[in-house]
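A.B. asks: Build out the structure end to end from the sequences listed, making use of the hints.
So the sequence lines, in the order shown, correspond to chains U and X. For the working numbering, add 85 to where a residue sits in the first sequence, where the first one is 1. For the working numbering, add 85 to where a residue sits in the second sequence, where the first one is 1.
Honestly, the hints are just simulated from the structure, not real lab data. Even glycine gets a Cβ: it sits at the ideal position worked out from N, Cα and C. Some clues are possibly wrong.
[As the list claims (entries may be wrong)] Coverage of chain X stretches by chain U, computed from C-beta distances (three or more under 8 Å per stretch; other residues unrestricted):
(1) 101 to 110
(2) 221 to 232
(3) 332 to 344
(4) 511 to 520
(5) 530 to 541
(6) 585 to 599
2 protein chains.
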Amino acid sequence: MTLTGKHLIGNRESSESSETFSAANPALGTTLEPRYHEATESEIDAAVSLATSAFDPFRRRLAEARADFLDAIANEVLALGDELLDRASAETGHPLPRCASERDRVVLHTRQFAELVREGSWVDARIDLPDPTRRPLPKPDVRSLMQPVGPIAIFGASNFPIAISVLGADTMSAFAAGCPVVIKAHPGHPGTCELAARAVLRAAAATRMPEGVFSLLHGKSHAVGTALVRHPGLAAAAFTGSLAGGRALFQIANARPIPIPLYAEMGSVNPVFMLPGALKARSASIADSFVTALTTGVGQFCTNPGLVLGLESEEWSDFSEKARKNVASWSPATMLHAGIHGAYESGIAALLQRESVELLGRSAREADPAKCEAAAYLFRTTQQGLLGDPTLFEELFGPVSTLVGCGSPEDMIAIAETLDGSLSATIHGAETDLADYAGLVEVLQRKAGRLIFNGYPVGIEVCHSMHHGGPYPATTHSHFTSIGTRAIRRFIRPVCYQDWPDAMLPIELQNANPRGVWRMLNGQKTRDGVVG
Amino acid sequence: MTLTGKHLIGNRESSESSETFSAANPALGTTLEPRYHEATESEIDAAVSLATSAFDPFRRRLAEARADFLDAIANEVLALGDELLDRASAETGHPLPRCASERDRVVLHTRQFAELVREGSWVDARIDLPDPTRRPLPKPDVRSLMQPVGPIAIFGASNFPIAISVLGADTMSAFAAGCPVVIKAHPGHPGTCELAARAVLRAAAATRMPEGVFSLLHGKSHAVGTALVRHPGLAAAAFTGSLAGGRALFQIANARPIPIPLYAEMGSVNPVFMLPGALKARSASIADSFVTALTTGVGQFCTNPGLVLGLESEEWSDFSEKARKNVASWSPATMLHAGIHGAYESGIAALLQRESVELLGRSAREADPAKCEAAAYLFRTTQQGLLGDPTLFEELFGPVSTLVGCGSPEDMIAIAETLDGSLSATIHGAETDLADYAGLVEVLQRKAGRLIFNGYPVGIEVCHSMHHGGPYPATTHSHFTSIGTRAIRRFIRPVCYQDWPDAMLPIELQNANPRGVWRMLNGQKTRDGVVG
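C.D. replies: If you want it as structure tokens, here you go:
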């Protein structure tokens, strides 16, 4: 497929601005064709306006039709074949197998949302039957269910060019809800975005979705994202990326004359606690698995373990030494793009200057800056060092982690209490450790969205019970997740019908329950119909 | 009971500031004893800090204990007897029967939340079982459920001194979730707040809840509310009141170093559409019921019908004339307090000056300003008048409504399309009207949180399916409701457990499902246990 570098506004291609940018191959330092155009205000307006007019026809479509659309997307993505993987790999430095696994995840979550829509119970239908004889006032018939909120703007992540970008769970959950989507393509992988967007548009055409249900806009400048989030036609926006970027868009969304929710997932420090039972039993194998988790994807995960805590002991020293060796033998690898690579290099340089930490180890081989390579780094500090230097609690995106030696379990809990909100917190331990450290677990339940036992937070399982969220600064709203089927909740709101005629109700609220969804009837869950 | 005018900070009474204010009896123009103290920064800090330390012990309590606490509150409220009703009536001008009905509602919603907690399925427990044989990576055991977010600040409404204040669904849903509560008492009815707060504290003591699970702070200045919302110990805040007040607190909450959700319910215009079938069949009785809805509670409801639309016709003229007569015969009555009364009077004066509307009718008897009395007003305009004057879309709190004569169904839909978000939208019609006006219904489903057929939005049924929310400016977040059991969702967030040992899981996630809650197991709803 020939890439055009143009915006895809519904079924129309557009390239009004002469301002352009290119993607680069970070491993080769070369520029990738074609040039991509910055979206203009009028193009942004056209995309959102088209999404606005698509909203009613799209949400009116039967659930089955929306599910078919999602399945068609999964098929079109598979039909892109190696072209998608090759381009994603060229634009991000990700090896092809990683790109293939991202595509597998897209197919999985897209089909999962299709299944969610077909099954139908996600609408949370509730019925409270009337009682005309109630005193002093008759009780009305009250029913409610979830409805889509309207057009959604989506900002994908740099680190998952396939799985958390145009084809991410943000897009699929919005479609599942019945919301049109306008994507702001990530400027780091615009070609991957264009390929993916064309697959979505083919699926929309094949399943006769209204024009405007999906548009793709390009832009490297902040102006494009800012203008998009300010557009009055939007109902919500979703973002995955840095704290600075997410917070900026969050403020813009809140300051609108009509504010909208800006759901940002902004990464976190993801603390790991190595408890004595685990270190006693297997400090060497934990060091192996830890360094693997730290360096997978060149450490470019929002769930990367940035802080590791253990009690000062012989086993902790063994673990640290083994981890140091593993880091030393890890070969530097290419980061996503020059910007992220530069931020990593200056973050490391700053850490090397700080008195609060000391360098424990690093990749033995030098990184090649021409290839945007990052070496892995391991730092070490004490409880005092950490608590005296708040910058150590901040995420540095890349294969770097700090080991914190604690003097006592109480010290460990005290550190946990000072942590910011995090996507995850991990404990390695024996089962008895969990009971002995109940106070630590209690604190972590307040701080994190996901607790992992004897594993690592990287590699997020795509399923109904997954929660990829957490207290700020992990996200802008801890009630919501960006991965797993609960992600649909960001794009829906309840609508209530009082004394509404049965035939005119949304199908999931009708007496007969024709779709057989789970409903709450007078407070009881049931799939039965109601005798009208 | 002797009222003290002091803050109730956990079990301690406090009155640091010498700055005080009093409540007034709006019907008599008299001052009510005692004087209430403005909360100081240190008192605000003490209340939130106590709530923070109460959070872990409170959420650790078994669900049954929290339900018992809620039931004990309902009992203590009943035990207050007439004293609560008398004080509420004196502070707000509400007749005693209205105060009694508010108390009934408190008992109802408090017991409903107790029942919700006992039943337990609100935690939305989800389990996806592991598959160690999966390729390329084993599938982990992933489980999640809702947990409380932390201490909540609550700002009650002026117009429901009992039902949407200290004892409102905000407080009860926060307790149900497991969140401590700090109330900023409404300065219009501080004595009612003190009585109610003492009832809550007695219930907390009787059921051995940790100190700090509940505190009450007084303040008339914005400084108290601002300092409270800025306190780093809070996890969320809920507010019911004006658009200006809600928006101001929303901005403060978003601008915090760590932003928190500020759930504001800010009232709305609540449009009513009188369709031809209804007017043909019963224009006189609709005029009766409409004026009753308009004037109940002296029009002081956030669901008051502020805009009524009909097609120009003989029946519409009949309806307008009958409504005019009913309004003329309605006797002016006392509003909540001098501030609201003054805002109503100046709002009416402004409307009388506008060229976009003409006065259709008003209460024949003059209102007595010494008693804070409001006359009812009915204005009339055309589609052009309305669309040319955006101020007519704004809510004026009190017994006033504007009738809008439309030239055609298309005009009516065009007006609906220009409406702001609203808590409710109402249609009076024959069933065939709903089919004929499908386009109107479609628009209203985008604009409102609740759709009512042949009824009125005032008088909100307290039940599982109720939704009291809607797109901005009705609320700051359309996903959430402040009435009905879904209100608990504002104060909870998912926490996910990966490969966590069964015995250490929250009880609702344990294999055996000891509480028998509904769970989603591998995507299917069930109450069955899991073979571990």
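A.B. asks: Please verify the coverage claim for the stretch 585 to 599 of chain X: does it have three or more residues whose C-beta sits within 8 Å of some C-beta in chain U?
C.D. replies: It holds: at least three residues are needed, and the stretch 585 to 599 of chain X offers 4 whose Cβ sits within less than 8 Å of chain U.
A.B. asks: According to a criterion of three or more residues whose C-beta lies within less than 8 Å of a C-beta of chain U, is the stretch 530 to 541 of chain X covered?
C.D. replies: holds (count 10)
A.B. asks: Using C-beta distances, would you say chain U covers the stretch 221 to 232 of chain X, given that this needs three or more residues below 8 Å?
C.D. replies: holds (count 8)
A.B. asks: Using C-beta distances, would you say chain U covers the stretch 101 to 110 of chain X, given that this needs three or more residues below 8 Å?
C.D. replies: Check failed, 0 qualifying residues.
A.B. asks: Is the coverage entry for the stretch 332 to 344 of chain X by chain U consistent with the three-residue Cβ rule at 8 Å?
C.D. replies: holds (count 6)
A.B. asks: Verify the coverage statement for the stretch 511 to 520 of chain X against chain U, using a C-beta to C-beta distance below 8 Å and requiring 3 or more qualifying residues.
C.D. replies: holds (count 3)
Hint 1 from the list above is the single one not met by this structure.
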